[in-house]
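Here the protein sequences line up with chains S and D, keeping their order. Using my numbering, you'd call the opening residue of the first sequence number 1 and step up by one each time. Using my numbering, you'd call the opening residue of the second sequence number 1 and step up by one each time.
FYI, nobody ran anything at the bench for these hints, they're computed from the structure. Be aware that one or more of the hints could be misleading.
Claimed, not checked - For the chain D half of the interface with chain S, some residues (derived, Cβ under 10 Å), not all of them:
| no. | residue |
| --- | --- |
| 1 | Leu-111 |
| 2 | Thr-207 |
| 3 | Ala-264 |
Said to hold, decoys possible - Simulated restraints, written as ranges between beta carbons of each label pair:
| no. | chain 1 | residue 1 | chain 2 | residue 2 | range |
| --- | --- | --- | --- | --- | --- |
| 4 | S | Leu-66 | D | Gly-244 | 53 to 61 Å |
| 5 | D | Asp-83 | S | His-99 | 55 to 63 Å |
| 6 | D | Asp-83 | S | Val-85 | 52 to 60 Å |
| 7 | D | Asp-83 | S | Lys-194 | 39 to 47 Å |
| 8 | S | Glu-181 | D | Ser-375 | 57 to 65 Å |
| 9 | S | Leu-103 | D | Gly-302 | 28 to 36 Å |
| 10 | S | Asp-182 | D | Asp-83 | 55 to 63 Å |
The C-beta atom is built at its ideal place from N, Cα and C for all residues, glycine as well.
Now for the letters of each chain:
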Amino acid sequence: MFTNPTVLFIQVMNSVSLAMNLFIIAAGLTLIFGVLRIVNFAHGAFYMVGAYVALSILRVTGDTDLGFLLGVLGSGVVMGAIAFVVERGLLSRLYDKEHMLQLLFTFALVLVIKDIVKMIWGTGQYSIGAPPFLRGAVNLGITYYPKYMLFLCALGPIIAIAIWFFMERTRWGRILRAAREDRVMLNALGTDVKMVYSGVFVTGAALAAMGGALAAPRSAVDPGMDALVIIDAFIIVIIGGLGSLLGSFVGALILGFLTVMGSIYLGEWVIVASYVMMVVILLVRPWGLFGKADEERH
Amino acid sequence: MIYSKAIKAGALALGVAVLGTTAVAEDGPIKIGVILPMSGGGAYVGEGINAGVEMAVKEVNDAGGVLGRPFQILLRDEQLRPDVSTAAMRELITLEGVQHFIGPATSATSLANSQIAREEKVVNISPSAKTEALTAGDNLHDFIFQLAPTTDVDGARTVEVLKGMDAKSVCFTGFDYAYSHDWFKAIRANMGDIREAGEFLVPMNATDFSATITQLLSSDCDTIIGTQYGGSFIAFVKQATPFGLFQTKKVLWGSNTGDHAVAAALGAELPDGLWASAADVWYFDGLESHAAYQKALAAHQGRKETDMWPITGYNAVKFLAAAIEAAGTTDPVAVAAALDGLTVQTPLGEITIDPKTNRANSPEFYGRFEHEDGSDIARMTDLRLVR
């Protein structure tokens, strides 16, 4: 198969494109866990809401480049607003409770969101096209390649660098890192930790929603679209290290390559392979490739 | 002694109460257990089939019911999961006393529920599952009836369409599951001089098909035969289009992707020239009975452009009603016996259940999608109702 360098190149690009789409979703999940220490089962539901909101916006704006941009940004804004209400009204009451309650809450959130989506948009299937300027393929010299997949290849690293810059090079980023390390101390120093937590949850949810809107031109918008992506997102953050942005980036690349290349060589075993890889990494480094062990934290 | 008499009296009273309840039940509505996917990605299928069930039940009840008793629908969500589907069936049998079932929707859930129908001796009409395995070999029993055309029938029909497309060599692609394997096997058995150039399967429920699309493009076949369904088919089309797959290969798709719901979801993105099949299309005008059915369905659903799934549920109810009427009782053993060889007039003509295989000879539409008259939603042209 890979005696043909053009085919190999396309499959590598396919892997990177898939990885970057997954990274955008996983980044929000790892951000929420990294600061709030909450495993958010509802992340896939946020992703689904994002796709539906983008669909509704595009129905109003029409199938235009600006409409698509508004759809992606609007999905983040709407989901962020919903997440703010959920976090302030409900989730914040569980921060000091046991983890099981937090898990049950986010799981219940999945069920509630799915029913609301069904009530608003029904059970039908919908489609969002790529924006007009990203339709078709572009000549890369050795082959033509879909513009939209190239766009995803570029967008992933841009988002990764933006989050990294925010976390490592801004005052707000330092506050977030401090909240991750010791929220009691941060609170004692006069920082409103509640608002920090709200901001992180809103940002994570908005990233998931924008990931859903960005994935829609390559998939169907339907009530089951959350179920599979949440599994991939968890695999990525677990192998990369819970709470590690770099880990999520590398984890997404590993899963992207495994999914694309594995489907050629492993067939149906590719699904098992992703779980086996996760188990092996956890056996060697229980805290993931780029995560920190508890003793490293303290 | 007094204590013993009290127990006997209590037991007698309980017996009378139970018998009394049974007598009431014989006069009450006939319960139909309807088990369909009503949530998640398969919900549009379940809601469609259920719409057909509801419409047929209303027709039956408005006409005075069956044996003077109305039908009552007890709907359960199977979530496309065999464990959930079987639990729902057992609950309906145990707690509701249901003896007649329609559903589940898919091959996997139908195979699981059929075994319960065998154990509990309740009638199970499958409206939409296509796998041959449901009514083949040891899986065939007296209480399971399969209305949708099975993969062996589909395979032979598909080859006729392939010949009409002038296909010389084919590649197979789709989910790695029973329907793909059975359908491809049936096509291979019938395709004669048409050459096979490769098979490229993806794991069940995969959402990224870019690797497979690249493989298909670099393969030496002029025609692609695929099986992804519903949202997965939509995703495949959207991922394959920018690679130019539909410009370089002829494409024929199974899994009832000729359904209007698929065309409506993809809109202008659905490539012209793609061949597909469907259990029903609302725009077929070749039969008066179909026109009348579509008119009633449009009124029931509040829209003219209906999907293909309702007809499967509609026909299932019509078969059940006719069988109970013929048996003169709701006893599932007698009803199952009445279903053997039963012929029912449906919107698409007479359909008969083969008493040897328990499979119905349901027809299906085949056609080629085209966007006509500037419409955003494609329709199947060269439409043929294959029996």
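Quick rundown of the hints versus the structure:
no.: 1; hint: Leu-111; result: violated (19 Å)
no.: 2; hint: Thr-207; result: holds (6 Å)
no.: 3; hint: Ala-264; result: holds (8 Å)
no.: 4; hint: S:Leu-66 - D:Gly-244: 53 to 61 Å; result: violated (27 Å)
no.: 5; hint: D:Asp-83 - S:His-99: 55 to 63 Å; result: violated (27 Å)
no.: 6; hint: D:Asp-83 - S:Val-85: 52 to 60 Å; result: violated (35 Å)
no.: 7; hint: D:Asp-83 - S:Lys-194: 39 to 47 Å; result: holds (42 Å)
no.: 8; hint: S:Glu-181 - D:Ser-375: 57 to 65 Å; result: holds (60 Å)
no.: 9; hint: S:Leu-103 - D:Gly-302: 28 to 36 Å; result: violated (41 Å)
no.: 10; hint: S:Asp-182 - D:Asp-83: 55 to 63 Å; result: violated (45 Å)
The structure is inconsistent with the numbered hints 1, 4, 5, 6, 9, 10, although it conforms to all the rest.
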